[in-house]
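If you read the protein sequences in the order shown, they are chains A and B.
Just so we're aligned: the first sequence equals residues 59 to 362 in my numbering.
Just so we're aligned: the second sequence equals residues 35 to 280 in my numbering.
By construction, these hints were calculated from the structure, which means they are not laboratory data.
What you are looking at is a predicted structure, and each value in this text was computed from that prediction instead of being measured.
No residue lacks a Cβ here, since even glycine has one placed at the ideal position from N, Cα and C.
It is possible that part of the hints are untrue.
[As the list claims (entries may be wrong)] Which stretches of chain A does chain B cover? Using the computed rule of at least three CB atoms under 8 Å from a CB of chain B, they are:
(1) 233 to 240
(2) 273 to 281
(3) 297 to 305
(4) 309 to 319
(5) 322 to 333
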Amino acid sequence: MEPLISMGVLALIGAAATIAGASEDLESDVGSQSNANSQVQLAPQMGYVHRIYNKAIAGEPVSNALMCTIGATGALVLIKHFGFSPLFALVIGSLIAAMVHGSYSVTAIMGREASQARFKQPIYLDLIRSHTPVIMAFAFLTTFSVMIVSYLMVYSLMHPFPFVLLCFLWGVVVGSVGSATGDVHLGAERQFQATEFGAGLNASQSGNIVRKAESGLRNGIDNLWFCSKFGGPMTGVSFGMVVFLGTWILVVFDPAEGNLEGWLSNILGLVIVIVLGIWNWHIEKETREKYGPYKEDKGEEVSA
Amino acid sequence: MIDIVGLIASNLIWILAIVIGGTLISISVHFIPVGGAPAAMAQATGIGTGTVMLAAGAGIAGIIAAGAVMAVNQNIWVVIGAAAVGAAVMLAATMIVATWIYAYGVGVMPVSAKVKYDPITKYRQDLYVSQGTEGHGIPTVAYVSASIGGLLGGLGAGLAYYALMKVSTLPVTNLNLVAVVSTFTIGFFFINSVIPSYNIVGTIEGFHDPKFKKWPKAAIASFLASIPLGILAVVAVASLASVGGL
Chain A
59 MEPLISMGVL ALIGAAATIA GASEDLESDV GSQSNANSQV QLAPQMGYVH RIYNKAIAGE
119 PVSNALMCTI GATGALVLIK HFGFSPLFAL VIGSLIAAMV HGSYSVTAIM GREASQARFK
179 QPIYLDLIRS HTPVIMAFAF LTTFSVMIVS YLMVYSLMHP FPFVLLCFLW GVVVGSVGSA
239 TGDVHLGAER QFQATEFGAG LNASQSGNIV RKAESGLRNG IDNLWFCSKF GGPMTGVSFG
299 MVVFLGTWIL VVFDPAEGNL EGWLSNILGL VIVIVLGIWN WHIEKETREK YGPYKEDKGE
359 EVSA
Chain B
35 MIDIVGLIAS NLIWILAIVI GGTLISISVH FIPVGGAPAA MAQATGIGTG TVMLAAGAGI
95 AGIIAAGAVM AVNQNIWVVI GAAAVGAAVM LAATMIVATW IYAYGVGVMP VSAKVKYDPI
155 TKYRQDLYVS QGTEGHGIPT VAYVSASIGG LLGGLGAGLA YYALMKVSTL PVTNLNLVAV
215 VSTFTIGFFF INSVIPSYNI VGTIEGFHDP KFKKWPKAAI ASFLASIPLG ILAVVAVASL
275 ASVGGL
């Protein structure tokens with residue numbers, strides 16, 4: 059393919075991946091399906107009954123891979139067997155995936171909250187009614203965007219993997235990225251806003267999540283509002299980077315042109331890793347200087 | 035009747051490549067700083083997700099890159115290099131964004147709780163660990179360790195993918211062959227990243243963590259597990275190809 063057209067397709071893929079990352083993280087924030095869910099699950103056991111949607115269908119990578127695979131299978135059947143236009147088929151495929159995800163979400167929260175009856179945790183039916191459509195909407199967005207990424211890769215950039223398999227793979231990666239980045243904003247900051255800013259969660263505070271909102275009791279949508287300001291978009295940037303940079307190095311130096319180009323693309327990838335590493339080190343240095351240590355150096359005091 | 039012994043004998047070199055790939059994946063997982071659920075609460079150093087999921091996410095990014103390259107260039111070093119770099123780029127992009135969130139969203143600096151001084155930057159660590167936590171964020175040593183882990187894991191996955199693609203004489207763009215081989219490689223990656231998680235038990239910070247010393251046990255276990263897996267995969271792919279199933 060012409061390098062310029064490849065670059066255009068790549069830009070579209072990057073944009074779709076960014077939306078996929080952001081919506082994936084926000085979906086997990088509304089339903090608290092993430093590592094931060096461990097605290098939501100723990101809270102009633104520690105005596106903190108809450109009104110936060112508690113679903114963890116599976117680990118985020120597995121759950122997203124399931125959604126994307128269901129959506130892609132549906133879409134592919136519609137395209138190949140019924141002759142639907144791809145865009146229309148992808149929308150219907152995502153809708154099917156969102157509905158399946160919604161039903162899993164309801165069974166997950168019902169099961170989880172019912173199992174905590176002994177800790178006096180109620181099942182709020184209005185919470186399920188108000189949150190499940192939001193979860194489904196984000197699931198729809200994630201599935202659709204991941205399918206757009208995979209579709210463009212398979213049919214425009216000529217990636218050899220079958221469409222459904224590629225959707226499954228990107229589903230695992232988007233879950234993995236979302237779980238590793240955006241969830242930190244929910245788990246370490248939003249759930250523990252009552253504790254001092256600028257510290258990790260003290261183990262003794264485990265389960266003591268914030269349960270009161272600006273008005274009334276805090277729910278998953280309050281968490282979504284907060285995380286959509288930083289954690290969600292950052293997850294989008296992260297997944298966008300993973301998809302874009304990983305493909306960009308193969309477009310700039312196309313291995314089809316020879317082994318030299320293949321090696322150059324690998325070297326370019328290594329340069330990206332090193333540059334991001336230097337940036338990481340720079341942030342480490344900057345935060346150490348700005349935030350300062352938590353404890354005094356007792357050893358130096360004694361010697362002084 | 036398919037001559038299974040003959041298939042194994044003629045593909046011994048590829049079985050060996052798969053076994054080496056599995057062992058590399060197993061070793062690589064020890065390098066990746068996995069913080070698990072505690073890291074999501076800034077309660078432990080590392081990337082805030084589970085061992086297998088993170089390693090698999092990186093390995094899969096590597097397999098996607100290897101697949102794209104293998105379709106157009108069959109030089110073994112270019113293919114496995116692309117897999118290694120694909121996995122490392124995935125981890126790098128995840129780690130830098132996680133660092134932004136730790137630094138600007140949570141307000142903590144990257145710090146390790148397992149060593150007093152970072153072996154690479156020589157920064158003092160223990161004073162910067164907030165109370166009641168086992169460190170937080172991704173300090174430079176963990177970043178370097180994760181990059182090595184990504185490269186090794188991708189290398190292993192790429193090697194297994196390449197070896198299985200070469201078992202049959204079918205063209206590398208055959209969709210059925212690609213589907214079977216990539217599915218096997220992913221399963222293979224999952225198996226070999228589950229084995230080391232018994233060493234890691236939740237969290238590890240990288241090569242400076244005391245748990246890292248246990249890697250030979252997992253490497254041996256993965257080596258042994260990869261032998262029957264490699265034989266099964268080679269026999270399955272080669273016999274499917276020979277009877278026209280692909």
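Coverage claim, chain B over the stretch 309 to 319 of chain A, checked by counting residues with Cβ within 8 Å (three needed): holds (count 5)
Whether chain B covers the stretch 273 to 281 of chain A (at least 3 residues having a Cβ closer than 8 Å to its Cβ atoms): violated (count 0)
Cβ contact check, 8 Å cutoff: the stretch 322 to 333 of chain A against chain B, three residues minimum: It holds: at least three residues are needed, and the stretch 322 to 333 of chain A offers 6 whose Cβ sits within less than 8 Å of chain B.
Given coverage of the stretch 233 to 240 of chain A by chain B, checked by CB-CB distance under 8 Å (3 or more): Answer holds; 7 residues pass the 8 Å Cβ test.
Chain B covers the stretch 297 to 305 of chain A, three or more CB atoms within 8 Å, holds or violated: It holds, with 5 qualifying residues against the three required.
Hint compliance for this structure: hint 2 is the single one not met.
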